[in-house]
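Engineer: Sequence:
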Amino acid sequence: MKHFLTLRDFSKEEILSLVNHASELKKEPKKLLQDKTLAMIFEKNSTRTRMAFELAITELGGKALFLSSNDLQLSRGEPVKDTARVIGAMVDFVMMRVNKHETLLEFARYSKAPVINALSELYHPTQVLGDLLTIKEWNKMQNGIAKVAFIGDSNNMCNSWLITAAILGFEFSIAIPKNYKISPEIWEFAMKQALISGAKISLSHDKFEALKDKDVVITDTWVSMGEENEKERKIKEFEGFMIDEKAMSVANKDAILLHCLPAYRGYEVSEEIFEKHADVIFKEARNRLYVVKALLCFLDNQRGRE
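FYI, the working numbering numbers position 278 of the sequence shown as 264, with every residue one higher than the one before it.
Possibly wrong hints are sitting among the right ones.
[As the list claims (entries may be wrong)] Listed below are the simulated DSS-like cross-link pairs for lysine-lysine, each with C-alpha atoms no more than 27 Å apart in a straight line:
#, residue 1, residue 2
1, 239, 178
2, 220, 232
3, 167, 30
4, 167, 17
5, 98, 167
6, 198, 98
7, -12, 12
8, 49, 12
9, 30, 220
10, 122, -2
11, 13, 30
12, 222, 262
13, 167, 178
14, 12, 269
15, 122, 13
16, -2, 220
17, 13, 67
18, 16, 269
19, 167, -2
20, -2, -12
21, 232, 269
22, 86, 164
23, 86, 12
24, 222, 232
25, 67, 30
26, 239, 217
27, 164, 122
28, 198, 167
29, 186, 122
30, 186, 232
31, 122, 98
32, 86, 30
33, 122, 222
[Stated by the list, open to error] Now the in silico label distances, taken between C-beta atoms and shown as ranges:
#, residue 1, residue 2, range
34, 58, 17, 46 to 56 Å
35, 76, 251, 37 to 47 Å
36, 232, 287, 40 to 50 Å
37, 239, 186, 14 to 24 Å
38, 169, 0, 18 to 28 Å
39, 240, 64, 50 to 60 Å
Bear in mind the hints are in silico, worked out from the structure with no lab data behind them.
Think of the CB as a built atom: it goes at the ideal place given N, C-alpha and C, for glycine as much as any other residue.
Take these sequences, add in the hints, and give me the full structure.
Structural biologist: Right, here's the structure in full:
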């Protein structure tokens, strides 16, 4: 059964098909999942993710069940595999926003329903799909190739974008602080994919080097959920990595800025630059709704073929 745990499990054709279908559903909504049920399990707080998934299944004709981890027997020590066998047998889809990616893997091993990664510490694949739809709408993909820079932390967004850019054949540059590293296993996977797709991938510790000649600039919070105790240290380590007017001037003239939100102005992005690109950023946020619709339809179709 096909799950959606990371984009590394998807082909270039499948990824682009998801984005194209999302674009179609945005223009012409359809109730393609009448009476289907989505269970939403949250270990972490959420604004955009919950809104996107709950609205997506509802507008497609189905219904959503919100399940905080505190509401489940998981909080009292029930094994993940037992919870998976119960919930996965009762619903059509399971969406999970978790602290540890291993929880997703364990759940997917035992669930009879497809499992969707709505965020783990390793990957945030639905966000990248939303980014891709936004890039498509702003005409920043020429002949199937986009020139993208990611500036910031070597986190789940960085990992997901690295993998996706490598699969799609993009020109993709990363800039992270010197004492930060990309997972060797994820980097190796991306390099193998780049050899197949022709992607041009680079890694540096200089944001200006990464931003040069790029049409899309992506950044993310420096302090992820659960890292609040590390805020002071991380702010010092990321000094000089803010996306401001000077940084954007190095990118191409009409480059767009993407941010998965929430944004912390004065840290990863300046107030001026954030507001200058607010239109695209908040449309990027709304695009999560449409890519989730496309994803749910894709998983439903895959399941129907089994």
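Engineer: The structure should be examined with respect to each hint, and the outcome stated for every one.
Structural biologist: Taking the hints in turn, this is what the structure says about them:
1. This hinted pair does not check out: residue 239 and residue 178 have alpha carbons roughly 32 Å apart, beyond 27 Å.
2. Under the criterion of a C-alpha separation no larger than 27 Å, the hint pairing residue 220 with residue 232 is consistent with the structure, at around 22 Å.
3. A distance of roughly 24 Å separates the Cα atoms of residue 167 and residue 30; the hinted pair therefore holds under the 27 Å criterion.
4. Using a Cα cut-off of 27 Å, the hinted pair residue 167 and residue 17 is violated, with the two alpha carbons roughly 44 Å apart.
5. Proximity of residue 98 to residue 167 is assessed by CA-CA distance (about 36 Å); at most 27 Å being required, the pair is judged violated.
6. For the given pair, residue 198 sits about 46 Å from residue 98 by alpha-carbon distance, which is inconsistent with the 27 Å threshold.
7. About 24 Å separates the Cα atoms of residue -12 and residue 12, which keeps this hinted pair within 27 Å; it holds.
8. Restraint check: the Cα-Cα separation between residue 49 and residue 12 comes to about 19 Å, which is no more than 27 Å; the hinted pair holds.
9. For the hint linking residue 30 to residue 220, the alpha-carbon distance of about 21 Å falls within 27 Å, and the restraint holds.
10. Pair hint residue 122 plus residue -2 holds up; C-alpha atoms about 15 Å apart against a cutoff of 27 Å.
11. Straight-line distance between C-alpha atoms of residue 13 and residue 30 comes to about 32 Å, which puts the hinted pair past the 27 Å bound.
12. Taking the CA atoms of residue 222 and residue 262, the gap is about 26 Å. The hint holds against a cut of 27 Å.
13. A hinted pair counts as satisfied when its Cα atoms are at most 27 Å apart, and residue 167 with residue 178 qualifies at roughly 18 Å.
14. Between residue 12 and residue 269 the CA atoms are separated by roughly 12 Å; this keeps the pair inside 27 Å, and the hint holds.
15. Taking the CA atoms of residue 122 and residue 13, the gap is about 14 Å. The hint holds against a cut of 27 Å.
16. At most 27 Å may separate the alpha-carbon atoms for a hinted pair to count; residue -2 and residue 220 exceed this at roughly 35 Å.
17. With a C-alpha separation of about 39 Å, the suggested pair residue 13 and residue 67 falls outside the 27 Å cut-off, and the hint is violated.
18. With a C-alpha separation of about 21 Å, the suggested pairing of residue 16 with residue 269 holds against the 27 Å cut-off.
19. In summary, the hint linking residue 167 to residue -2 is supported, as the alpha carbons are separated by about 26 Å, within the 27 Å threshold.
20. Distance hint between residue -2 and residue -12 is fulfilled; the C-alpha atoms sit about 16 Å from each other, no more than 27 Å.
21. For the hint linking residue 232 to residue 269, the alpha-carbon distance of about 24 Å falls within 27 Å, and the restraint holds.
22. As the CA atoms of residue 86 and residue 164 are separated by approximately 25 Å, the hinted pair is consistent with the 27 Å bound.
23. Among the hinted pairs, residue 86 with residue 12 is inconsistent with the structure: their alpha-carbon atoms are about 32 Å apart, more than 27 Å.
24. The hinted pair formed by residue 222 and residue 232 meets the criterion: a straight-line CA distance of about 20 Å does not exceed 27 Å.
25. Only pairs whose Cα atoms come within 27 Å are accepted, and residue 67 paired with residue 30 is accepted, the gap being roughly 20 Å.
26. Using a Cα cut-off of 27 Å, the hinted pair residue 239 and residue 217 is violated, with the two alpha carbons roughly 33 Å apart.
27. Between the alpha carbons of residue 164 and residue 122 the distance comes to roughly 32 Å, so the proposed pair goes past 27 Å and is violated.
28. Restraint check for residue 198 and residue 167: the C-alpha separation of about 21 Å stays at or below 27 Å, so the hint holds.
29. The straight-line distance between the Cα atoms of residue 186 and residue 122 is roughly 19 Å, inside the 27 Å bound, and the hint therefore holds.
30. For the hint pairing residue 186 with residue 232, the CA-to-CA distance comes to about 25 Å; that is within 27 Å, so the pair holds.
31. For the given pair, residue 122 sits about 34 Å from residue 98 by alpha-carbon distance, which is inconsistent with the 27 Å threshold.
32. Taking the CA atoms of residue 86 and residue 30, the gap is near 11 Å; set against the 27 Å cutoff, the hint holds.
33. With a CA separation close to 35 Å, the supplied pair residue 122 and residue 222 exceeds the 27 Å bound.
34. The given range of 46 to 56 Å is broken by residue 58 and residue 17, whose C-beta atoms sit roughly 29 Å from each other.
35. In this structure the supplied range 37 to 47 Å holds for residue 76 paired with residue 251, their Cβ-Cβ distance being about 43 Å.
36. Roughly 47 Å separates the CB atoms of residue 232 and residue 287, a value that falls within the hinted 40 to 50 Å.
37. Checked against the hint of 14 to 24 Å, the C-beta distance between residue 239 and residue 186 comes to roughly 21 Å, which is consistent with it.
38. Between residue 169 and residue 0 the beta carbon distance is about 23 Å. The supplied range of 18 to 28 Å therefore holds.
39. At roughly 52 Å, the beta carbons of residue 240 and residue 64 sit within the given window of 50 to 60 Å.
Hints 1, 4, 5, 6, 11, 16, 17, 23, 26, 27, 31, 33 and 34 from the list above are not met by this structure, while the remaining hints are.
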